[in-house]
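In this note's numbering, the protein residues as written are 1 to 519.
Calculated from the structure, these hints are not laboratory results.
Among the clues, some could well be false.
Estimated spans, in silico, between C-beta atoms of each pair [said to hold, decoys possible]:
no.	residue 1	residue 2	range
1	G140	G306	45 to 55 Å
2	K461	E380	41 to 51 Å
3	V356	A49	26 to 36 Å
4	T481	D161	51 to 61 Å
5	K381	E327	17 to 27 Å
6	D53	L333	43 to 53 Å
7	S436	D352	42 to 52 Å
8	D278	P236	20 to 30 Å
Once the Cα atoms are required to be at most 16 Å apart in a straight line, the calculated EDC-like pairs of lysine to aspartate or glutamate come out as [stated by the list, open to error]:
no.	residue 1	residue 2
9	K27	E247
10	K297	D328
11	K30	E252
12	K284	E243
13	K253	D462
14	K124	D56
15	K120	E145
16	K276	E243
17	K16	E155
18	K332	D402
19	K332	E401
20	K27	E250
Idealized CB from N, CA, C, for every residue including glycine.
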Amino acid sequence: MASWLNLGQVLKVNAKKFPHTIALKDKDRKFTYPEVNRRVNKLAHSLLALGLDKGDKVAVLLENCIEIVEVYLATAKTGIVIVPVNFRLVGSEVAYIVNNSDAQAFIVHDEFTPTVDAIKPKLKNIDADRYIVVGKEIDGYREYEAFIQAYPESEPEIMVDPRDTWILIYTSGTTGKPKGVVRSHESHIAFYLINAVDFGFNEHDVCLNVMPLCHINSTFFTFTFTYIGGTAYIHPARSFRAEEILEIIEREKITFISLIPTHYNLILNVPEVAEKRDVSSIRKLLCSSAPVRKDMKLAIMDFFPGVELYEAYGSTEAGIVTVLKPEDQLRKLGSIGFESLGTDLVKILDEDGNEVKVGEIGELFSRGPMLFDEYYKMPEKTSASFREGWFSAGDMARRDEDGFFEIVDRKDNLIITGGEHVYPSEVEKVIGSHPSVLDVAIIGLSDEKWGESVTAFIIPKDPNNPPDEKEIISFCRDKITGYKRPKEVHLISQEEMPRTGSGKILHRALRMRYEGRLE
1 MASWLNLGQV LKVNAKKFPH TIALKDKDRK FTYPEVNRRV NKLAHSLLAL
51 GLDKGDKVAV LLENCIEIVE VYLATAKTGI VIVPVNFRLV GSEVAYIVNN
101 SDAQAFIVHD EFTPTVDAIK PKLKNIDADR YIVVGKEIDG YREYEAFIQA
151 YPESEPEIMV DPRDTWILIY TSGTTGKPKG VVRSHESHIA FYLINAVDFG
201 FNEHDVCLNV MPLCHINSTF FTFTFTYIGG TAYIHPARSF RAEEILEIIE
251 REKITFISLI PTHYNLILNV PEVAEKRDVS SIRKLLCSSA PVRKDMKLAI
301 MDFFPGVELY EAYGSTEAGI VTVLKPEDQL RKLGSIGFES LGTDLVKILD
351 EDGNEVKVGE IGELFSRGPM LFDEYYKMPE KTSASFREGW FSAGDMARRD
401 EDGFFEIVDR KDNLIITGGE HVYPSEVEKV IGSHPSVLDV AIIGLSDEKW
451 GESVTAFIIP KDPNNPPDEK EIISFCRDKI TGYKRPKEVH LISQEEMPRT
501 GSGKILHRAL RMRYEGRLE
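Kindly produce the complete structure, drawing on both the sequences and the hints.
What follows is the structure, given as structure tokens:
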């Protein structure tokens, strides 16, 4: 069996190849590759001792921590399937995922045990002795550290096929119940290889992970560094404070971070003293989930001198589809770049399945080695997402004469006002460039006259001096046509903006919250 097609086996090799390299680190702990491998082997044996077999599933409800990385690696070694659960979900949502996935064991952070205790009677497949807690000891749970220390450090003798399922990861549920995305070992290894080449990573790089490890972005980028023998610094996803992030960059000599535009906004708006931090170690930055405006790009490159800024487009199902590289950042504003290495040519199709002409809008389809296998227990949804082997995440796009792609918007977010089509992202780009706007979401609310009314929800940079409705509408006047301009503008806080765990705005949730409730 080719070891490079299984991250657990790669860890075994790296433990010999990089005996003194720090593989994992957080604010309190650090482990070399041999140390991580020994701990992962102990965990692997402990999971097998619970009675779990290859193909069985273990759910994890953990904040970013070294332990969740160990669970990913232990399941890679044993053929057990990991089911990461978003720690921001409420009890009923957690229960749905655990039951739908058929998970037979549950590893939980101590702070989430009240949520789990409340739903235990509803969890159909988990025996009472298969609950494990990370953190302090709690009745009804095996304590993680004591649990794994009882088992040997030897390699588990399990043959894992590259095509076997490794991760069953659930989508954010933007259009209904979350879907379980079935992903194989080889689809992830393909990403690590492609990513290392596309971004030019090497074993000397140090990644700072702040994105939730229950989402695909982190499983892709964090484990790229495990694969190549680099270092991953794990930071809690819920405690993003710009000043602290800059301190970590300086102290740990971080070379790479993957962030969303919201994170960059926070960094660029920290007090002046934070700008004195030494961030010269940063070689590369990635921004994903939303386009980056020109002013923000310039500010990022000014804040991080000499940095190579990348943008990427992808999905939980397809992996990374396109990459916009540093040399194209300013000349191709709004673009998501070319196909990533190894991705088949991307197609943009109309409703009849025909490829559209250059510059025309259609639905974006792709295929490649990072593609998922299926939606768990959802054959009809799986079939509906493909056209002759090509997958679509439901995004509308166009391609320019140079071959660069641009995402126009999600198919589901389209606003139809007075018979005209409005893509929210186009309006968001305009309003987002206003100097007093930190972030913005555009949705269509029901309107007797127009069908839907373009409505803006704005997070101001300075809550004490926010822009008013007239100012925003006037700002849009010479930048976009009349029917695209917002009819109403509403100010909201960061906390009021609904987002996925990876930071994407949930337009559907925003519509549901405010439809018919605005005075």
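Hint-by-hint comparison with the structure:
1. G140 with G306: 45 to 55 Å: holds (52 Å)
2. K461 with E380: 41 to 51 Å: holds (45 Å)
3. V356 with A49: 26 to 36 Å: violated (56 Å)
4. T481 with D161: 51 to 61 Å: With Cβ atoms ~55 Å apart, the hint holds.
5. K381 with E327: 17 to 27 Å: For K381 and E327 the Cβ distance comes to about 39 Å; the hint is violated.
6. D53 with L333: 43 to 53 Å: The hinted range 43 to 53 Å holds for D53 and L333, with Cβ atoms some 51 Å apart.
7. S436 with D352: 42 to 52 Å: holds (44 Å)
8. D278 with P236: 20 to 30 Å: holds (23 Å)
9. K27 with E247: holds (11 Å)
10. K297 with D328: holds (12 Å)
11. K30 with E252: holds (12 Å)
12. K284 with E243: Violated - the C-alpha atoms of E243 and K284 are around 19 Å apart, more than 16 Å.
13. K253 with D462: violated (32 Å)
14. K124 with D56: holds (14 Å)
15. K120 with E145: violated (22 Å)
16. K276 with E243: holds (11 Å)
17. K16 with E155: Roughly 13 Å between the alpha carbons, so the hint for K16 and E155 holds.
18. K332 with D402: holds (10 Å)
19. K332 with E401: holds (12 Å)
20. K27 with E250: Holds, at about 13 Å.
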